[in-house]
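Chemist: These are the residues of each chain, in order.
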Amino acid sequence: MPYYSQPERIPTLLEALNSHTVDQLKILAQLFSDGAIPTRKAELVNYVLQRLQGKALKTLWQQCDRLQQATISEVVHSPDDRYQKQRFVSKYGAEAKWNQDNRPSYYSFRPTILGLFFYGSTMPQDLKAQLKAFVPPPEPTRIESLESLPSSLPRNLTTYDYKTHKQRTITIELQLMVQETEAIARRDLQTVLRLVDLGKVAVSDKTLFPTGATLNAIVEVLEEGDYYSDWVVDQSPTGWDYEYDIGSIKPFAWTMLLQAGKLVELNGKRLVLTKTGQKALNEPSEKTLQTLWKQWLKTTFLDELRRIDSIKGQTGKAKRSLTAVAGRRSVIVNALKDCPSDRWVEFSAFLRYMLAAGYEFDVSRNPESLSLEGFGSIYYNTWLVLEARYILCFLFEYVATLGLIDVAYLHPDEGIFILPADDYHESTLSRYDGLAYFRLTPLGAYFLGLSDRYQPAAPTSKQILRVLPNLEIVAVGELSRADRLLLNSFLESVSDVVWKLDQAKLLDAIAQGRTVKELQEWLTASSGESLPQPVTQFLADLQMRTTSLQDLGAARLIRCADAALAAQIASDSRTKAYCFLADQPKAICAGEACYLVVPAGTETKFRNGLKKMGYSLPGLS
Amino acid sequence: MSYVPENPLIIQSDRSVLLEVHSPHADAARAAIAPFAELIKSPEHIHTYQISPLSIWNARAAGMPVVEMIAALRDYAKYPMPEAVVQEITALGSRYGLTVIERDGDRLLLKTADLPLAELLSRSDEVAKYLGDRLSDCVFAVDAGDRGVLKQALLVAGYPAEDLAGYVTGDALNLELRTITASGAPFGLRDYQKEAAEAFYQSGRVQGGSGVIVLPCGAGKTMVGMAAIAQVQENTLVLTSSLTSVRQWQRELLDKTTLPPDAIAEYSGESKQTAPITLATYQILSYRSSKDGEFPHFQLFNARSWGLIIYDEVHLLPAPIFRITAELQARRRLGLTATLIREDGKEGDVFALIGPKRYDVPWRELEGQGFIAAAECTEIRIPQTTARQMEYAVAEKRHQFRIAAENPRKADVVRSLLEKESGHRILIIGEYLDQLKQLAAQTGLPLVTGKTSQAERDRRYEQFRSGEISGLILSRVGNFALDLPDADVLIQVSGKYGSRQEEAQRLGRVLRPKADGHSAQFYTLVSLRTCEEEFARHRQLFLAEQGYSYQIEILLE
Numbered sequence: 001m002p003y004y005s006q007p008e009r010i011p012t013l014l015e016a017l018n019s020h021t022v023d024q025l026k027i028l029a030q031l032f033s034d035g036a037i038p039t040r041k042a043e044l045v046n047y048v049l050q051r052l053q054g055k056a057l058k059t060l061w062q063q064c065d066r067l068q069q070a071t072i073s074e075v076v077h078s079p080d081d082r083y084q085k086q087r088f089v090s091k092y093g094a095e096a097k098w099n100q101d102n103r104p105s106y107y108s109f110r111p112t113i114l115g116l117f118f119y120g121s122t123m124p125q126d127l128k129a130q131l132k133a134f135v136p137p138p139e140p141t142r143i144e145s146l147e148s149l150p151s152s153l154p155r156n157l158t159t160y161d162y163k164t165h166k167q168r169t170i171t172i173e174l175q176l177m178v179q180e181t182e183a184i185a186r187r188d189l190q191t192v193l194r195l196v197d198l199g200k201v202a203v204s205d206k207t208l209f210p211t212g213a214t215l216n217a218i219v220e221v222l223e224e225g226d227y228y229s230d231w232v233v234d235q236s237p238t239g240w241d242y243e244y245d246i247g248s249i250k251p252f253a254w255t256m257l258l259q260a261g262k263l264v265e266l267n268g269k270r271l272v273l274t275k276t277g278q279k280a281l282n283e284p285s286e287k288t289l290q291t292l293w294k295q296w297l298k299t300t301f302l303d304e305l306r307r308i309d310s311i312k313g314q315t316g317k318a319k320r321s322l323t324a325v326a327g328r329r330s331v332i333v334n335a336l337k338d339c340p341s342d343r344w345v346e347f348s349a350f351l352r353y354m355l356a357a358g359y360e361f362d363v364s365r366n367p368e369s370l371s372l373e374g375f376g377s378i379y380y381n382t383w384l385v386l387e388a389r390y391i392l393c394f395l396f397e398y399v400a401t402l403g404l405i406d407v408a409y410l411h412p413d414e415g416i417f418i419l420p421a422d423d424y425h426e427s428t429l430s431r432y433d434g435l436a437y438f439r440l441t442p443l444g445a446y447f448l449g450l451s452d453r454y455q456p457a458a459p460t461s462k463q464i465l466r467v468l469p470n471l472e473i474v475a476v477g478e479l480s481r482a483d484r485l486l487l488n489s490f491l492e493s494v495s496d497v498v499w500k501l502d503q504a505k506l507l508d509a510i511a512q513g514r515t516v517k518e519l520q521e522w523l524t525a526s527s528g529e530s531l532p533q534p535v536t537q538f539l540a541d542l543q544m545r546t547t548s549l550q551d552l553g554a555a556r557l558i559r560c561a562d563a564a565l566a567a568q569i570a571s572d573s574r575t576k577a578y579c580f581l582a583d584q585p586k587a588i589c590a591g592e593a594c595y596l597v598v599p600a601g602t603e604t605k606f607r608n609g610l611k612k613m614g615y616s617l618p619g620l621s
Numbered sequence: 001m002s003y004v005p006e007n008p009l010i011i012q013s014d015r016s017v018l019l020e021v022h023s024p025h026a027d028a029a030r031a032a033i034a035p036f037a038e039l040i041k042s043p044e045h046i047h048t049y050q051i052s053p054l055s056i057w058n059a060r061a062a063g064m065p066v067v068e069m070i071a072a073l074r075d076y077a078k079y080p081m082p083e084a085v086v087q088e089i090t091a092l093g094s095r096y097g098l099t100v101i102e103r104d105g106d107r108l109l110l111k112t113a114d115l116p117l118a119e120l121l122s123r124s125d126e127v128a129k130y131l132g133d134r135l136s137d138c139v140f141a142v143d144a145g146d147r148g149v150l151k152q153a154l155l156v157a158g159y160p161a162e163d164l165a166g167y168v169t170g171d172a173l174n175l176e177l178r179t180i181t182a183s184g185a186p187f188g189l190r191d192y193q194k195e196a197a198e199a200f201y202q203s204g205r206v207q208g209g210s211g212v213i214v215l216p217c218g219a220g221k222t223m224v225g226m227a228a229i230a231q232v233q234e235n236t237l238v239l240t241s242s243l244t245s246v247r248q249w250q251r252e253l254l255d256k257t258t259l260p261p262d263a264i265a266e267y268s269g270e271s272k273q274t275a276p277i278t279l280a281t282y283q284i285l286s287y288r289s290s291k292d293g294e295f296p297h298f299q300l301f302n303a304r305s306w307g308l309i310i311y312d313e314v315h316l317l318p319a320p321i322f323r324i325t326a327e328l329q330a331r332r333r334l335g336l337t338a339t340l341i342r343e344d345g346k347e348g349d350v351f352a353l354i355g356p357k358r359y360d361v362p363w364r365e366l367e368g369q370g371f372i373a374a375a376e377c378t379e380i381r382i383p384q385t386t387a388r389q390m391e392y393a394v395a396e397k398r399h400q401f402r403i404a405a406e407n408p409r410k411a412d413v414v415r416s417l418l419e420k421e422s423g424h425r426i427l428i429i430g431e432y433l434d435q436l437k438q439l440a441a442q443t444g445l446p447l448v449t450g451k452t453s454q455a456e457r458d459r460r461y462e463q464f465r466s467g468e469i470s471g472l473i474l475s476r477v478g479n480f481a482l483d484l485p486d487a488d489v490l491i492q493v494s495g496k497y498g499s500r501q502e503e504a505q506r507l508g509r510v511l512r513p514k515a516d517g518h519s520a521q522f523y524t525l526v527s528l529r530t531c532e533e534e535f536a537r538h539r540q541l542f543l544a545e546q547g548y549s550y551q552i553e554i555l556l557e
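Listed in order, the protein sequences are those of chains A and B. To convert, note that position 562 of the first sequence is 562 in the UniProt record's numbering; the numbers rise steadily by one, no gaps. To convert, note that position 49 of the second sequence is 49 in the UniProt record's numbering; the numbers rise steadily by one, no gaps.
For reference, chain A alone in the conformation it holds in the complex:
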């Protein structure tokens, strides 16, 4: 947001010069080396104006150094007239020289040659139009990337030796953990859906956040656990003990993604699969992941900022100042689209790129209303505290979990070595601070529209199951956790790697919404061969048994005083459409039937018909 002294737009150079004082104009005039400088304001304005026209202007531009020319070029070829310091520095690494003093005071006015082009950081529009004729466009903004990752990140650490009273610098090697997410996401999705199906995913009915037990249950079944599940070291190479309590990332993400994607819904305190969720069990994972991705981009179900525990005040008054989440995500996604596929991008480089390329957004319209745990209201480095942490969470927790990006990361406590320097807040602010690099996966490139089709990596055609004619299923390859969950939900476990097709267990699974077809297809796919005939017949019998009975809903059972009355009501034109005799066939044949069944749906019509016949049905005694 510009200061009041930085106008958004200045139509003409003349207007800009006229807004200066005589003293300021004299200083500007001194920047030209030719002729005597007039003393009256109108003449001074004219003096400067004349020298900022035509060839003189071009000569003047040529006198600028590289950074000054870049500064002018950036504005001249921008739809905006204002100089964006943060953006420029992000792109070029430093600012051009704006002031002749090395340490200019706020009140001093000793601009460099750039002072002739910018007035309150804004370039007059007529001047911009003139410059556009010869100023070449600025170099494009590029994002740095790596073909492959180093195994560790060397960083210099300066320490102070209290004995010798000297500073010393040592180089430490920070070990990167890498997780390739695409294939895992596809399997984890199925795993978590199956866990939901087993009724093992509970959320708070108020916040809809997963419970602690649920997070533990999910992390247990995820193929590679959570990002930090395998983190066993408790001391950093710096010698510090890791202190930040990381908590849960992936399990939390999956619970929220499934809810936002409407694959699950709340039933009591547990999540159950919706029809879409049931369907997703049998659909290619990538299709469901794409649905989840699209839904997440527009969901208001969760503001990722809530996951930055150290930023306080989000649910209080400051909530009103928070911007719409969909807009923030869209900016990040646009920036992601500029990332090269299959190459590693350093997170801090991505941040710089976002600024340099103008992918800016605000998390809050009033950052001061939020506070940072241990620091108070957020006044300084708000981009790094709010927006950068928001991006970190979005990328690490959701984009990576969905398999769009691979991630390489350190412990969050080592984030200070990889995030842009923040002199004001030198501590770990979030569980995501350790994200060092990411890499767009083929799935990510497809979801972002960078490639027009996605071919999932061909599943290695390994045969993981053997289906035996004695109705046993043996795992002959290494099973994923999702495979095990599915086996356990359909089949009776016999021993470590053997399951059995059991009618009772299968009927239970079917009663919970599973289908025989689903099992049959999965068994065929996982065994890589057609099923033995006794097994297909067993499944066909089961299918027949599950479709032989139909639940037609609730009904009333009515006992008539005698068989004649029952027969009369059952055959009377006013009631026969709404009831039928309920006795055993033998009793009906013998004319001894005196029970009627009235489906709940036709009860009112039955009662009306009964009334017309001169009977009434008393309530239940």
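Some hints here could point you the wrong way.
[Said to hold, decoys possible] Using 35 Å as the maximum straight-line C-alpha spacing, the simulated DSBU-like pairs for lysine-lysine come out as follows:
hint	chain 1	residue 1	chain 2	residue 2
1	A	Lys500	B	Lys397
2	B	Lys129	B	Lys41
3	A	Lys611	B	Lys346
4	A	Lys41	A	Lys58
5	A	Lys517	B	Lys397
6	A	Lys85	A	Lys58
7	B	Lys397	A	Lys505
8	B	Lys346	A	Lys500
9	A	Lys294	A	Lys262
10	B	Lys41	A	Lys500
11	B	Lys41	A	Lys517
12	A	Lys279	A	Lys500
13	A	Lys500	A	Lys269
14	A	Lys517	A	Lys576
15	A	Lys269	A	Lys337
16	A	Lys298	A	Lys287
17	B	Lys272	A	Lys505
Because the hints were derived from the structure by calculation, they are not lab data.
Take the given structure of chain A and dock chain B to it, following the hints.
Modeler: For chain B alone, kept in the frame of chain A given last:
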């Protein structure tokens, strides 16, 4: 060791071992683990072996060290072997031989490997009662009559004894196997039959002379028994499960050995003779007039000085015979069976009283070598008429099975199968006599039931063997020890509630190898949408687990 996908064994924590039969190392792995793991199931693709205390001790009795067992498993394991399994095998395997029974003149000695074990056993209520004087720290005197029960008690205590006390010498018998049978056909033992007999006898050493030979139906267990008699060359008592089996033994002995007819006697309800080779049934031996009375026919065990007792179909050995066998430990004992699994779970008694498993050959191997026929099992589901289905539906549960079993439409299917299998030798087996009588009337095939006299049975069987009749209808009598080697089609019209043993025995009737090598056909007729399907499923599982191909056909209305 990590995951080795090409290895065929998956070792589970419950000590079961799965063998992938299509693995390139499957044969080697099978050979390596067979001595100490029992084959439980052998369906297509994956065979299941179980390592049990008995299977380990069987292997130890055969001289296999524990380290070899563990090495065999490790060498072929697909996944790292569970450490608990290693420890269990080590612990169990090292127990065998810690107690040894030896002879010392007229008495027996029980020697323990160390003092703590001696103390442990002397304090065990089950074992101590059979221990006599303590002759030294680790040696107890044992009454010769307690040899069997002591072995049983030691097995229960988890310290199976190695019995090196030897055997008494029975009356001599001069028996040679012929090279040309009496009927004029060339004869010779198959290699595995020779190996089995030798594994039992072990050249007369005390380490041999008792134990069980496991061979599938149709593999020639009778031949192994005769080979054992030929090696022992002493008077032999042969116990079988039925009179038909007695007659089969008699026929085979006369046909394939040099024994004269008067050297063979039948001890049965019809005849109570004894001879150097005496054939008896379990039924006659375990007969007694009242529940608490004596077993009068047990005197047969002492009627002669038997040098060998053969227990045919040892998995059917009744409890009284176990008891008497406990007292016969000084005689050589040979068990013959197709399966060590007993429905009553008394495998331990077989181990302690008859002896450890000495030899087995999986049927699949014999099938591969052409010694037994391959079989194809087909279950045909036949719908009932609507009226009969309704009758079934409203019948009391206990009557439902019979209604389903006697589905009249099965007769039509039987007729069509007879047409289809015309030219083959067909057995029709059923549970209910009314149904079988109707089938006999409709098909014109003779019926043999429990009420058929033995002479009539023998005549019918002989007619079938000679080809005079192409089919026979059998009641439950057809389940066991029926020697009709040319039968190649079996139609089961009703069964006995899914008994695994019955199924195996019935199928065994058609497993004798066929001259042209064709497969045997086993049809099971089942009423559609009835409890028969459930029972059939049990049978189906059993047969599939035995490795037979199994198909289900459903007849439409």
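Chemist: Find the hints from earlier in the document that the structure breaks and name them by number, from lowest to highest.
Modeler: Numbers 2, 3, 14, 15 and 17, in rising order.
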